[in-house]
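Asks: Chain by chain, the residues:
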Amino acid sequence: MSEPNASSETRAGGGLRRRRRRPRRAAVTGDGFEGRGALHRHLRLVAVQLRLRVLAALEYRTGFWSGGVLSLVWSIAGTVPLVVALEHRADIAGWTPWALCMLVGCHMIITGLFGALVQPSLYAAMDDIRTGALDYLLLRPVDALVSCLVADFEPWCLVEAVAGVGLLIVGMVGSGVHPSLPQLLTMALVLGCGVMALYALAVLALSLAFAALELQNLAYLMEAMLDFARWPISVFRGPLRALFTFVVPFAIMTSYPPMALLGRLDASAAVGALVTAVVLAGLARATWQRALRGYTSASS
Amino acid sequence: MGEVPAIRLDRLGKRFRVSQREPGLRAALRALFVRTHVEIDAVCELSFEVPQGQRVGLLGPNGAGKTTTLKMLAGLLHPTSGRAQVLGHEPARRSHELLRSIALVMGQKRQLSWDLPALDTYELNRVVFDVERSVHQLRLTELVELLELGEVVRKPVRTLSLGERMKCELVAALLHGPRVLFLDEPTIGMDVAMQLALRDFVREHNRRTGATVVLTSHYMEDVAALCERILVIDGGRLRFDGSIEALVRRTRPLRRVSVRADALPTDDELRALGQVVEREPPRMALDVAPERVPEAVARLLALPGSHDLAVADAPLEEVMRELFAMRAPEDEAGAEPSSRGSDA
Numbered sequence: 001m002s003e004p005n006a007s008s009e010t011r012a013g014g015g016l017r018r019r020r021r022r023p024r025r026a027a028v029t030g031d032g033f034e035g036r037g038a039l040h041r042h043l044r045l046v047a048v049q050l051r052l053r054v055l056a057a058l059e060y061r062t063g064f065w066s067g068g069v070l071s072l073v074w075s076i077a078g079t080v081p082l083v084v085a086l087e088h089r090a091d092i093a094g095w096t097p098w099a100l101c102m103l104v105g106c107h108m109i110i111t112g113l114f115g116a117l118v119q120p121s122l123y124a125a126m127d128d129i130r131t132g133a134l135d136y137l138l139l140r141p142v143d144a145l146v147s148c149l150v151a152d153f154e155p156w157c158l159v160e161a162v163a164g165v166g167l168l169i170v171g172m173v174g175s176g177v178h179p180s181l182p183q184l185l186t187m188a189l190v191l192g193c194g195v196m197a198l199y200a201l202a203v204l205a206l207s208l209a210f211a212a213l214e215l216q217n218l219a220y221l222m223e224a225m226l227d228f229a230r231w232p233i234s235v236f237r238g239p240l241r242a243l244f245t246f247v248v249p250f251a252i253m254t255s256y257p258p259m260a261l262l263g264r265l266d267a268s269a270a271v272g273a274l275v276t277a278v279v280l281a282g283l284a285r286a287t288w289q290r291a292l293r294g295y296t297s298a299s300s
Numbered sequence: 001m002g003e004v005p006a007i008r009l010d011r012l013g014k015r016f017r018v019s020q021r022e023p024g025l026r027a028a029l030r031a032l033f034v035r036t037h038v039e040i041d042a043v044c045e046l047s048f049e050v051p052q053g054q055r056v057g058l059l060g061p062n063g064a065g066k067t068t069t070l071k072m073l074a075g076l077l078h079p080t081s082g083r084a085q086v087l088g089h090e091p092a093r094r095s096h097e098l099l100r101s102i103a104l105v106m107g108q109k110r111q112l113s114w115d116l117p118a119l120d121t122y123e124l125n126r127v128v129f130d131v132e133r134s135v136h137q138l139r140l141t142e143l144v145e146l147l148e149l150g151e152v153v154r155k156p157v158r159t160l161s162l163g164e165r166m167k168c169e170l171v172a173a174l175l176h177g178p179r180v181l182f183l184d185e186p187t188i189g190m191d192v193a194m195q196l197a198l199r200d201f202v203r204e205h206n207r208r209t210g211a212t213v214v215l216t217s218h219y220m221e222d223v224a225a226l227c228e229r230i231l232v233i234d235g236g237r238l239r240f241d242g243s244i245e246a247l248v249r250r251t252r253p254l255r256r257v258s259v260r261a262d263a264l265p266t267d268d269e270l271r272a273l274g275q276v277v278e279r280e281p282p283r284m285a286l287d288v289a290p291e292r293v294p295e296a297v298a299r300l301l302a303l304p305g306s307h308d309l310a311v312a313d314a315p316l317e318e319v320m321r322e323l324f325a326m327r328a329p330e331d332e333a334g335a336e337p338s339s340r341g342s343d344a
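Each protein sequence line maps, in turn, to chains D and X. So the first sequence is residues 1 to 300, counted in our numbering. So the second sequence is residues 1 to 344, counted in our numbering.
Think of the hints as simulated: they come from the structure by calculation, not from any bench. Every residue, glycine too, gets a C-beta built ideally from N, C-alpha and C. Any given hint could turn out to be false.
[What the hints assert, rightly or not] Part of the chain D face toward chain X, derived, beta carbon under 10 Å:
#1 G37
#2 L45
#3 V48
#4 R51
#5 T62
#6 W65
#7 G132
#8 A133
[To be verified] Examples of chain X residues toward chain D, derived with CB under 8 Å:
#9 L99
#10 R100
#11 D115
#12 L116
#13 L119
#14 V128
[Unchecked claim] If you want the ones that stay clear, here's a sample from chain X, every Cβ over 10 Å from chain D, calculated:
#15 Q52
#16 F240
#17 P253
#18 A325
Kindly generate the complete structure, drawing on both the sequences and the hints.
Replies: See the structure below:
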């Protein structure tokens with residue numbers, strides 16, 4: 001207790017010494033990464049927080065195992081709409097069954113990540129805002145948004161994401177595609193953009209919760225809307241296609257990755273995906289910071 | 001150049017905009033479409049300075065603005081006017097350097113994970129606050145020993161009593177070695193023994209580490225026992241700044257002299273000495289001006305069968321009640337309407 005404060009940013013930054021040092025901002029305007037080693041500390045925060053949530057899930061045996069069973073059922077159920085549709089048609093909007101298999105795989109990756117990481121944290125953080133429990137998250141010397149986005153975790157939902165990876169590989173094998181390295185990199189880029197866009201939408205919903213405290217329904221709405229992402233973007237026409245490409249970019253999340261692997265995604269679409277994701281992320285960050293300034297910290 | 005004060009407030013203010021409606025279904029339905037808002041000044045032009053290492057108590061009735069002030073000092077709320085500085089930093093900017101130097105413990109909220117042992121949350125805090133493992137372990141051992149927690153930190157938090165949980169919360173708040181400690185009603189709901197243990201701990205922590213302590217509590221004994229200086233806030237404004245003794249002298253300058261005797265004099269016989277405030281034979285008590293205390297003591301000691309004579313300040317609870325009942329001069333002058341806000 002009597003020792004000096006362990007302000008060990010330099011220690012934490014040890015692993016990043018080879019990187020070029022960025023000049024420290026003269027004034028820190030609000031919440032955000034600060035100083036050397038911040039990235040390392042945040043990554044460790046994510047790891048420890050996820051570990052804690054797994055430990056908390058293990059405290060309740062029945063809940064833990066039932067979560068596992070439900071996840072398996074959910075993974076299988078995710079493929080049913082595809083199977084049913086293909087029983088009646090040879091292809092859907094130009095997508096062959098194996099190409100659709102890849103798309104459904106990407107959809108399951110996205111919904112698995114959403115169910116495991118995004119949705120539980122969204123619920124927990126919204127509840128924290130409503131009850132004032134967010135106070136303790138804001139008192140941590142880390143980016144409050146990162147704290148909120150790892151507030152909770154449903155490990156079993158990752159089963160769906162893993163099943164999605166399997167389905168994506170099955171689809172690739174079935175299609176007989178042998179993607180080149182640029183195609184693989186493009187696929188990883190657009191899938192990453194899709195995840196970034198998903199998080200950005202979640203942050204926008206979370207930011208709204210500061211003003212309108214009871215907004216858990218928005219998280220349900222996001223989950224329901226993700227169902228649109230199980231169909232190729234070419235199914236949609238006109239305004240719906242624009243909506244699902246640029247505003248709620250399901251196309252980037254699920255259609256673009258298999259298109260990249262199949263060699264059907266041109267460079268302009270990939271750049272468009274990147275721009276859309278970056279713009280959404282920037283908008284989400286700005287909205288979050290503005291919302292945080294209006295936090296009223298319910299109750300004493 | 002002198003030492004940077006732990007806390008410096010300069011005309012700090014916080015205004016909340018809150019919705020209001022009448023009770024009942026009709027009003028609730030109307031409020032769905034048209035909502036009335038009022039602006040409430042929870043804190044008004046608050047100015048004071050706290051040097052490092054001092055123990056300060058914030059006193060005030062419910063809704064006085066104590067918690068709002070603490071939350072602004074901790075960077076949770078943004079002030080609407082004025083300026084706050086904690087260890088030279090502006091709290092609203094939430095710089096990581098400041099957040100590493102402060103801690104806030106709230107008696108009615110918890111940071112410990114409900115389903116896990118407190119040790120797991122401590123490990124999370126170690127990572128978040130970037131405390132070296134050996135330093136963390138040293139502090140943990142010392143705190144667990146001081147608070148007599150033993151194996152309690154290994155049990156799931158949901159199984160702990162309120163007192164045990166609050167002790168564990170204190171450990172969580174202190175593991176990173178904060179230089180300023182904000183305590184908001186830390187003893188609320190606790191039994192007397194646990195309150196005493198927490199008070200002893202906070203005093204000892206302050207002595208050992210030199211950390212500044214700012215405390216709010218509804219229990220006057222907490223503040224009287226812990227704080228060398230008190231700040232009384234009412235209606236968001238500072239009403240008093242000084243020692244408890246000075247507050248008592250200012251608000252209730254009369255001393256209370258009590259005695260037991262076989263025969264008690266009448267009120268009229270004592271009128272020249274002071275005012276009788278209690279008479280339950282064989283005991284009586286009267287409030288006496290300080291300069292007349294020797295005379296009153298001599299008179300009461302001379303009573304037949306006189307014993308148990310005591311001279312004391314008025315009870316703190318009574319002093320506070322009287323202080324809050326007095327209207328602030330600016331309120332009386334009507335310079336600003338009374339605008340007491342909620343603590344949240």
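Asks: Quick check on V48 of chain D please, does its C-beta sit within 10 Å of some C-beta on chain X?
Replies: holds (5 Å)
Asks: Go through the hint on D115 of chain X and say holds or violated, using the shortest Cβ distance to chain D against 8 Å.
Replies: holds (4 Å)
Asks: Return the status of the interface hint for L116 of chain X: holds when the least beta-carbon distance to chain D is below 8 Å, violated otherwise.
Replies: holds (6 Å)
Asks: Take the shortest C-beta to C-beta distance between R51 of chain D and chain X; is it under 10 Å?
Replies: holds (9 Å)
Asks: Minimum Cβ separation between P253 of chain X and chain D greater than 10 Å?
Replies: holds (33 Å)
Asks: Less than 8 Å between beta-carbons is the criterion; does L99 of chain X satisfy it with respect to chain D?
Replies: holds (4 Å)
Asks: Does L119 of chain X pass the interface check with chain D, least Cβ-Cβ distance below 8 Å?
Replies: With a closest approach of 11 Å, the L119 of chain X hint is violated.
Asks: If you take the shortest Cβ to Cβ gap from G132 of chain D to chain X, is it below 10 Å?
Replies: It holds, given that the least Cβ distance between G132 of chain D and chain X is near 7 Å, below 10 Å.
Asks: Given L45 of chain D as an interface hint, is the shortest Cβ-Cβ distance to chain X below 10 Å?
Replies: Since chain X brings a Cβ to about 6 Å from L45 of chain D, closer than 10 Å, the hint holds.
Asks: Taking the shortest Cβ-to-Cβ distance between Q52 of chain X and chain D, state whether it exceeds 10 Å.
Replies: About 14 Å separates Q52 of chain X from the closest Cβ of chain D, which puts it past 10 Å; holds.
Asks: Is the nearest Cβ of chain D still more than 10 Å from the Cβ of F240 of chain X?
Replies: holds (21 Å)
Asks: Going by Cβ atoms only, is R100 of chain X closer than 8 Å to chain D?
Replies: holds (5 Å)
When each numbered hint is compared with the structure, violations occur for hints 5, 6 and 13.
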